[in-house]
Amino acid sequence: MPDAPLEHPDQRRQPREGGEPPAPVPPPPAYEPILLRNIGIPDSHLLKTALSRGAYQGLKKAQAMAPEAVIEEVKKSGLRGRGGAGFPTGNKWSFVPKDKWPHYLIVNADESEPGTFKDRALIENDPHLLIEGTLIGAHALGAEVSYIYIRGEMVLGAKRLEAALAEARAAGLLGNRQIHVHRGAGAYICGEETGLLESLEGKRGYPRLKPPFPALVGAFGKPTVVNNVETLANLPAIFDKGVAWYRTIGTEKSPGPKIFCVSGHVRRPGNYEKPLGYPLEKLIYEDAGGLRPGRTLKALIPGGSSMPVLRADEVQGLTMDYEAVQARGSLLGSAGVIVMDDSTCMVRCLLNISRFYAHESCGQCTPCREGSTWLAKILGRIEAGQGEGGDLELLLDICDNIAGKTICPFGEATAWPVQSFVKRFRDDFAAHITQHRCPQRPAAVAASAR
Amino acid sequence: MAAFSPQALAEFQLILGRYPTKRAATLPTLHLAQREFGWISPEVMAYVAGLLELPPIKVYEVVTFYTMFHQKPVGRHVIEACATLPCALNGAEALLEHVEKRIGIRAGETTKDGRFTLKKAECMAACGGGPCLQVNGDYHEGMTPEKFDRLVAELA
Ligand SMILES: Cc1cc2nc3c(=O)[nH]c(=O)nc-3n(C[C@H](O)[C@H](O)[C@H](O)COP(=O)(O)O)c2cc1C
Ligand code: FES
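Here the protein sequences come in this chain order: A and B.
In terms of our numbering, the first sequence opens at residue 1 and continues consecutively.
In terms of our numbering, the second sequence opens at residue 451 and continues consecutively.
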């Protein structure tokens with residue numbers, strides 16, 4: 001059924017087998033989505049639908065401005081990169097030198113941070129929004145050629161983009177610019193921007209040493225900007241409706257809308273677009289339908305699985321913006337909100353996360369390649385009831401030898417979950433070691449766990 | 451000798467036109483080769499290297515880095531089951547066990563009759579619909595053992 005229209009991700013939920021029926025849907029919130037506004041509309045991926053909904057108006061206005069003025073507008077909008085680091089987009093664009101050509105704009109559509117599923121929803125359901133945003137960026141940067149680096153697994157997404165590009169080209173919307181879809185082939189590290197550039201050039205996705213930064217030496221040795229899908233999807237509205245309007249959304253330091261991907265132990269997981277600074281408790285308990293009956297919150301990862309985990313008591317009153325999440329000891333990252341209730345074994349969760357990073361380490365840097373495997377092995381031992389005194393110190397020691405000692409921030413992505421889980425749920429880990437089993441589960445089940 | 455059909459060769463020429471270097475066409479050409487030949491044998495790697503005017507090692511190191519390139523023949527239907535945390539919180543482990551039992555192989559294996567290959571996958575950007583799996587590249591979200599059984603029955 002690859003070409004059937006997709007449901008709104010919010011409506012895609014099935015009642016869990018044997019579980020409770022989903023809670024009644026609360027009245028529609030006052031906030032009107034900007035990024036997800038076309039999702040759920042029939043044939044939202046087609047040009048005629050997009051045009052009937054006002055697509056390419058922002059592009060027209062941006063194209064009437066000089067490239068420098070476009071960059072200034074984006075700076076004024078306060079838009080920050082939605083790929084994970086939150087770097088101001090306009091500033092990033094202004095680093096591209098004017099005396100070295102050609103310039104490339106690369107769209108990072110590799111979305112693979114566990115807990116993140118917003119870019120895929122945008123690409124499959126509203127490819128013209130991304131194309132419009134890309135064209136605005138390409139105009140600002142003077143990029144004649146842009147590439148959309150899309151995860152290899154997103155077969156439907158790539159098809160929809162190709163089809164939408166063909167429509168846009170035929171309608172003359174691309175002018176003399178080229179946008180090509182470049183499919184990845186299964187490697188988390190290719191989401192890291194320099195790993196992505198290597199992959200685009202036809203090599204293994206080994207991240208590059210920085211500096212030089214891509215703005216100076218990027219794709220094919222030329223000045224390059226890499227932007228996330230959601231970042232670019234913000235541009236059409238900024239130019240169509242203006243910076244003043246845009247800045248009424250979100251907070252002073254974190255302006256604009258944000259798609260929060262809620263997964264795990266909630267009744268209605270899905271994508272929820274809200275202004276930055278939105279209260280987490282509203283997101284979990286109202287939008288996502290709350291926890292399963294009789295359950296309480298145990299832990300939450302606010303920004304995709306590589307960001308530090310927080311305890312339930314630490315997220316009380318939390319607002320979802322870059323500053324507030326950082327103040328609580330984690331980061332907003334990709335806004336993949338992973339919810340864990342009180343039935344969750346934290347050792348098992350961390351083992352799952354650590355296996356992911358061990359599997360995905362590109363193998364370039366020794367501390368990360370070896371360390372990520374050791375972490376997963378030791379955690380596997382603890383989870384199987386064979387932990388030893390000193391294991392937790394050993395885990396933390398290995399983390400200290402990975403974080404900050406690698407070419408790219410994958411090292412931190414490997415270390416932060418371990419450091420934060422052990423710090424914030426130390427008793428859970430200690431109990432597994434001293435009792436030689438998971439206190440929450442019978443010994444037999446623990447032994448058979450894979 | 452492995453060789454592209456005329457149609458695939460035409461597609462290859464289009465691919466080349468998108469990049470300033472021939473080497474950049476490596477991933478798309480390998481995707482094309484996998485579609486044509488089903489998997490990437492050493493012979494196919496050598497053929498692709500010839501097309502791209504690269505030493506075969508440059509193609510080999512790419513094929514062995516990315517999980518989507520099959521280095522062995524695969525079944526008619528490739529099932530990739532997500533086992534990463536968000537899906538695991540919603541039953542991915544039990545689902546994978548069911549899948550293994552239902553089709554009679556472990557993750558990483560191909561059935562003797564060549565019908566199925568099963569792979570354990572990492573997060574596929576569908577966590578809101580977990581547990582999820584892909585069959586031949588199509589997403590199936592909100593999976594349950596019952597739904598899986600119905601799905602399998604449709605796959606010849
Ligand atoms: C290990 C790792 C994985 C990453 N994965 C992604 C990804 O899948 N998608 C993405 O947009 N950014 C990802 N990033 C961030 C990119 O390196 C880069 O910061 C981003 O694409 C910049 O775009 P933005 O400024 O629009 O956010 C990743 C970073 C690291 C260190
Ligand atoms: S964890 Fe399964 S799709 Fe993300």
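The hints are simulated quantities; they were obtained by calculation from the structure and are not laboratory data.
Where a beta carbon is used, it is the ideal one built from N, C-alpha and C, also for glycine.
Take these hints with a grain of salt, some might be off.
In silico lysine-lysine, DSSO-like type, Cα no more than 30 Å apart, as pairs [said to hold, decoys possible]:
no., chain 1, residue 1, chain 2, residue 2
1, B, Lys551, B, Lys597
2, A, Lys48, A, Lys203
3, A, Lys282, A, Lys203
4, A, Lys210, A, Lys159
5, B, Lys522, A, Lys377
6, A, Lys377, B, Lys597
7, B, Lys472, A, Lys210
8, A, Lys377, B, Lys551
9, B, Lys522, A, Lys159
10, B, Lys570, A, Lys203
11, A, Lys203, B, Lys472
12, A, Lys210, A, Lys76
13, A, Lys159, A, Lys61
14, A, Lys222, A, Lys98
15, B, Lys508, A, Lys210
16, B, Lys551, A, Lys159
17, B, Lys508, A, Lys203
18, B, Lys597, A, Lys203
19, A, Lys203, A, Lys76
For each label pair, taking beta carbons as the anchor points, the in silico distance ranges come out as [claimed, not checked]:
no., chain 1, residue 1, chain 2, residue 2, range
20, A, Gly363, B, Lys597, 35 to 45 Å
21, B, Glu550, A, Glu314, 36 to 46 Å
22, B, Glu550, A, Gly363, 48 to 58 Å
Here is what the structure says about each hint:
A threshold of 30 Å between alpha carbons decides the hint, and for Lys551 of chain B with Lys597 of chain B the separation of about 15 Å falls inside it, so the pair holds. For the proposed pair Lys48 of chain A and Lys203 of chain A, the alpha carbon gap of about 38 Å is over 30 Å, so the pair is violated. At most 30 Å may separate the alpha-carbon atoms for a hinted pair to count; Lys282 of chain A and Lys203 of chain A exceed this at roughly 44 Å. As the CA atoms of Lys210 of chain A and Lys159 of chain A are separated by approximately 34 Å, the hinted pair breaks the 30 Å bound.
The straight-line distance between the Cα atoms of Lys522 of chain B and Lys377 of chain A is roughly 28 Å, inside the 30 Å bound, and the hint therefore holds. Of the pairs offered as hints, the one joining Lys377 of chain A and Lys597 of chain B is violated, with about 34 Å between alpha carbons and a cut-off of 30 Å exceeded. Distance restraint check for Lys472 of chain B and Lys210 of chain A: the Cα-Cα separation of roughly 25 Å lies within the 30 Å cut-off, and the hinted pair is therefore satisfied. Between Lys377 of chain A and Lys551 of chain B the CA atoms are separated by roughly 26 Å; this keeps the pair inside 30 Å, and the hint holds.
The straight-line distance between the Cα atoms of Lys522 of chain B and Lys159 of chain A is roughly 26 Å, inside the 30 Å bound, and the hint therefore holds. With a CA separation close to 24 Å, the supplied pair Lys570 of chain B and Lys203 of chain A stays within the 30 Å bound. Proposed proximity of Lys203 of chain A and Lys472 of chain B is supported: the alpha carbons are some 12 Å apart, at most 30 Å. Taking the CA atoms of Lys210 of chain A and Lys76 of chain A, the gap is about 27 Å. The hint holds against a cut of 30 Å.
Proposed proximity of Lys159 of chain A and Lys61 of chain A is supported: the alpha carbons are some 29 Å apart, at most 30 Å. Between the alpha carbons of Lys222 of chain A and Lys98 of chain A the distance comes to roughly 12 Å, so the proposed pair stays at or under 30 Å and holds. With a C-alpha separation of about 24 Å, the suggested pair Lys508 of chain B and Lys210 of chain A falls inside the 30 Å cut-off, and the hint holds. Between Lys551 of chain B and Lys159 of chain A the alpha-carbon distance is near 33 Å, which puts this suggested pair outside the 30 Å criterion.
Annotation: proposed proximity of Lys508 of chain B to Lys203 of chain A holds, straight-line Cα distance about 8 Å (limit 30 Å). Distance restraint check for Lys597 of chain B and Lys203 of chain A: the Cα-Cα separation of roughly 39 Å exceeds the 30 Å cut-off, and the hinted pair is therefore not satisfied. Restraint check: the Cα-Cα separation between Lys203 of chain A and Lys76 of chain A comes to about 37 Å, which exceeds 30 Å; the hinted pair is violated. Take Gly363 of chain A and Lys597 of chain B: their Cβ atoms lie about 37 Å apart, and the range 35 to 45 Å holds.
Distance hint check for Glu550 of chain B and Glu314 of chain A: the Cβ-Cβ separation is about 38 Å, which falls inside the suggested range of 36 to 46 Å. Between Glu550 of chain B and Gly363 of chain A, the C-beta spacing of about 28 Å breaks the proposed range 48 to 58 Å.
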